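Protein sequences appear in the order of chains A and B.
If you want our numbering, it's the 1-based position in the first sequence plus 8.
If you want our numbering, it's the 1-based position in the second sequence plus 14.
The reader is advised that the hints may include incorrect statements.
[Claimed, not checked] In silico DSS-like cross-links for lysine-lysine, where the CA-CA straight-line distance does not exceed 25 Å:
{"#": "1", "chain 1": "B", "residue 1": "Lys322", "chain 2": "A", "residue 2": "Lys100"}
{"#": "2", "chain 1": "B", "residue 1": "Lys227", "chain 2": "A", "residue 2": "Lys91"}
{"#": "3", "chain 1": "A", "residue 1": "Lys100", "chain 2": "B", "residue 2": "Lys301"}
{"#": "4", "chain 1": "A", "residue 1": "Lys100", "chain 2": "B", "residue 2": "Lys318"}
{"#": "5", "chain 1": "A", "residue 1": "Lys43", "chain 2": "B", "residue 2": "Lys160"}
{"#": "6", "chain 1": "B", "residue 1": "Lys338", "chain 2": "B", "residue 2": "Lys301"}
{"#": "7", "chain 1": "A", "residue 1": "Lys100", "chain 2": "B", "residue 2": "Lys227"}
{"#": "8", "chain 1": "A", "residue 1": "Lys127", "chain 2": "A", "residue 2": "Lys91"}
{"#": "9", "chain 1": "B", "residue 1": "Lys318", "chain 2": "A", "residue 2": "Lys91"}
{"#": "10", "chain 1": "B", "residue 1": "Lys236", "chain 2": "A", "residue 2": "Lys100"}
{"#": "11", "chain 1": "B", "residue 1": "Lys148", "chain 2": "B", "residue 2": "Lys160"}
[Unchecked claim] Across the chosen pairs, the derived CB separations fall in these ranges:
{"#": "12", "chain 1": "A", "residue 1": "Lys127", "chain 2": "B", "residue 2": "Thr307", "range": "39 to 45 Å"}
{"#": "13", "chain 1": "A", "residue 1": "Pro110", "chain 2": "B", "residue 2": "Arg154", "range": "44 to 50 Å"}
{"#": "14", "chain 1": "A", "residue 1": "Ala66", "chain 2": "B", "residue 2": "Lys227", "range": "30 to 36 Å"}
{"#": "15", "chain 1": "B", "residue 1": "Pro321", "chain 2": "A", "residue 2": "His128", "range": "45 to 51 Å"}
{"#": "16", "chain 1": "A", "residue 1": "His128", "chain 2": "B", "residue 2": "Glu157", "range": "50 to 56 Å"}
No lab work stands behind these hints, which were simulated from the structure alone.
No experiment lies behind these values; they were computed from the predicted model shown.
We treat Cβ as the ideally placed atom computed from N, Cα and C, and that holds for glycine.
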Amino acid sequence: MRGARIALAALAIGALAACSGAVREPASDNGQQAKFAALRSTSIALPEDDQTFGEGAAVAPLNAHCLACHSTSMILYQPQLSKAQWQAIVDKMRDAYGAPVPADQAPAIVDALVALQAKHADGR
Amino acid sequence: MPLPIGAPPAMPEMGQGNMDRFDATLANLLARRRLLASGAAALAGGAIARAAGGFSRPAPDAGLVGRPVSGSFPQKGAMIVQRNRPPLLETPMEVFNDNVFTPNDRFFVRWHWADIPLEVDAAGFRLTIGGAVKRPLALRLDELLKMPRISYAAVNQCSGNSRALFDPRVPGAQWSHGAMGNARWEGVALSHLLELAGIDPAATRVRFGGLDKPLTAVDPFKKSLAVNHAMDGEVMVAFAMNGEQLPMLNGFPLRLIVPGWFSTYWVKSLDSIEVLNGPDDNYWMAKAYQVPTTPHANVVPGTKEFPKAPISIMPPRSWITNLKDGATLPYRPRIGVNGIALGGDQGIRSVDISIDGGKSWIASRLGPDEGRYSFRRFSTVIPVLAHGTMTIMSRCTNEKGEAQPMAPNWNPGGYMRNCVEACTVRLV
Chain A
9 MRGARIALAA LAIGALAACS GAVREPASDN GQQAKFAALR STSIALPEDD
59 QTFGEGAAVA PLNAHCLACH STSMILYQPQ LSKAQWQAIV DKMRDAYGAP
109 VPADQAPAIV DALVALQAKH ADGR
Chain B
15 MPLPIGAPPA MPEMGQGNMD RFDATLANLL ARRRLLASGA AALAGGAIAR
65 AAGGFSRPAP DAGLVGRPVS GSFPQKGAMI VQRNRPPLLE TPMEVFNDNV
115 FTPNDRFFVR WHWADIPLEV DAAGFRLTIG GAVKRPLALR LDELLKMPRI
165 SYAAVNQCSG NSRALFDPRV PGAQWSHGAM GNARWEGVAL SHLLELAGID
215 PAATRVRFGG LDKPLTAVDP FKKSLAVNHA MDGEVMVAFA MNGEQLPMLN
265 GFPLRLIVPG WFSTYWVKSL DSIEVLNGPD DNYWMAKAYQ VPTTPHANVV
315 PGTKEFPKAP ISIMPPRSWI TNLKDGATLP YRPRIGVNGI ALGGDQGIRS
365 VDISIDGGKS WIASRLGPDE GRYSFRRFST VIPVLAHGTM TIMSRCTNEK
415 GEAQPMAPNW NPGGYMRNCV EACTVRLV
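The following block holds chain B by itself, in its conformation from the complex (with noise of 0.2 Å):
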């Protein structure tokens, strides 16, 4: 059988050949055999041979650039490879500037245990509903189809988005901007089917598990909401992303929508939901996305020890789209700036536009509203004062007031960066 030994190892471009020459079944007979040798061989402490070759070849890391772009994954176009497996794709910053929803084949990916689901038998899959229910349910995908539905716009972000921008740096994945997409998301509000089940008056949390799984017998990704929050009428069971079924990589068949909540939530494959009667005490809830509870998450750089909470709700931000920074123009009185802004569980008040480091706010005119969890476009026209080096700076304010803090936050997890970011251009 012919392996893809000694292919060429790097992608550093998008839209070049070599994106063929993985053939399908192959490449899952290659994945199965390679998770085998992961759970059996290197578990047990063996040492696993292993082909030189593969399509990403990772360089040490090199601050914010030198990441391959590749359009290698299944149902994905080109995307920046953070890790190849499991897979951490960033979606690059210009797709942002594109539309204010994010198409699924460019829609950031996340995974945290090594064996995620490859094939979902739409037929065969079940959800269910147990714990301290009434009624526990295996709903079908085509029952689901048919219960009511809600749809809503809504942006999700990874707690650890622009990670690598903290200083000092943390460790974890180094995501730049690129892990947060916007999507219309349809599917059956998770009050429906907890009422369907009847949930116990005593109960407390309502927890979600997919069908990712570890290799080792430790706790699986498992999250869980307050069951206020899950019977709000929002929190959704979704089977449609942007009028489509969710990409496998995303999700599929079903992604719980926690809206104006950190991706850490959004459970993907979902397939069980468990009422619980007592605290959470998984790993992924009780130590794991913890976040200092104070203002921005904000602690003393190097500080371990601190009061934590599990991250929650999304802080305001924003993101000049149509310029890069770092970038040099040719010089001209006027620049057009735009960009996309999110209010997190918030509409957007106001999206204002600073190019003296903060001192001064301009507003700027906002896009159409697709509703509050949505991004939202933003658009002004600045003044060049004088050509040389300039330093864009935009400030989201929410419906609740709360706006975009100058100074950059810091915890050790890397979590819940909002500070407003500076965009610098030369004009010459």
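Chain A on its own, in the form it takes in the complex (with noise of 0.2 Å):
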């Protein structure tokens, strides 16, 4: 069994026997009898997601500040982009998302952000 495919707990809503209610059935609904009776409990667990942007100064402000509310990827899958366009990001981050970037900060994370793209440009 997979592991992490899973519905863990299904707590019996047992008194809940078919539907009372009349079915509705618009016109596109091919004469389907809704069976639907109960809902289960159901709990899931994520595959954990550790990853970082690596070691080292270059990345450091991207592991501090760019990882709370989503991974590498959302960061690492964008096609390339200009140090404007990265800069309008991190203000966005910051200002929309609430994401605690001191000003201080701003410039050496946008250039960390530069620089990690032009690294795998290069490697490309």
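Relying on the hints, combine the two individually framed chains into one complex.
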């Protein structure tokens, strides 16, 4: 069985027999009668995501400020962006989404993003 | 406690081992620990100690290829991983060739905020209806299941579906065409619930919120509809998808269904309905998901300022699904072409095929009609004039007479692509 492919607790809601409500059928419903009678409690576990941008001073600002709300791929999968575009993204993270980016560190983060993309572009 | 440190990083192909290594309980603990680390340490500006490894290592952008396909997500089969956390999972194109309905375990996944629901107790869950209403309600799931039901098929498509094809490219989730799916939804008409609560005659909009939460003190993800739309009898609070309860990652236990409209309104794990007396100034309605008001939401690339409106109705689209763009096939004099089309908020009038770059079109045969909001299959057989490269295009026209344009659109959000897509194959 796949470890992560689970629906852990299946809480019985035995009392809910067939639904009593009339099934209204819009034209698009090919006469399929609703049989759905109960919902089971569900819990899932997501695969762990501990990835970082790697080690070293070049990526340290990104590890410190850009991993709380989303994985590295949110950044690594972006197309080639200009410095101004990265600046706009860092501003948006701070102003619209509340990312704690101290004003004096924003330039270092933008530089790190530009350098990261340049490095990957060279390595391609 | 054994941690999955140093676990093989990539899962480039489906069907391989390694899918079993995530012990469910352990992973759950780790997820909570990570969330705490994010919330407390990282958001306080501290550095986070993170182990190397993980399960799906992103490679830097390599165009549209090279995304890992993984079967590691709960209640999901093989999916293209655009982002692990919070998950952005894309449906591989071949799934759309198999059936007009998208199986629940292959249905695309899209969340915004890091804190997504991982656990719902069916008995304890409540859907609240409040704001400008006479009788605020807190409904249990078993109560909803006893109410009159409606059911229909409808396509759920992300506003940014196909964003990765924008030229020039734009930032955001780099979806190819698989941020969409078609399901038969079943639930209670939103109008029925609003009638039970008795909405204020002066109400303007109805706003929807779910169990996902931001980690910071900013607006949570909420969306709203005009009262007339909310009361149209079609907008649905769904508890079933293709005859099953919804997968957790698709919004268990309840999801708002807004047929014909982009997925951003289809609020997942819906737990609050709020009737408003004024405008909705929440970030996700007022600032995000805005498109140019021009035809096809198209502006000159690079334009930043333009009249905007919240994205809404889906325009028609179609995709050839039995041939893979770029494939090489043995020559034959005739070749079958089929695929799926979507009319938007209308049924499909026709899907036409061109093999001369759009100069001439031939009508295809449409498959069974599953309802105006559903995918519909099309198929035809076309002559292969010569050995070599051949570009095949499909163009959907909906019942309103709106046809897919030839030219791709552009806007900075990467929204509402609906141009004719080309599929180029080599017959040798």
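In ascending order, which of the hints set out earlier in this document are inconsistent with the structure?
When the structure is compared with the hints, numbers 2, 6, 15 turn out to be violated.
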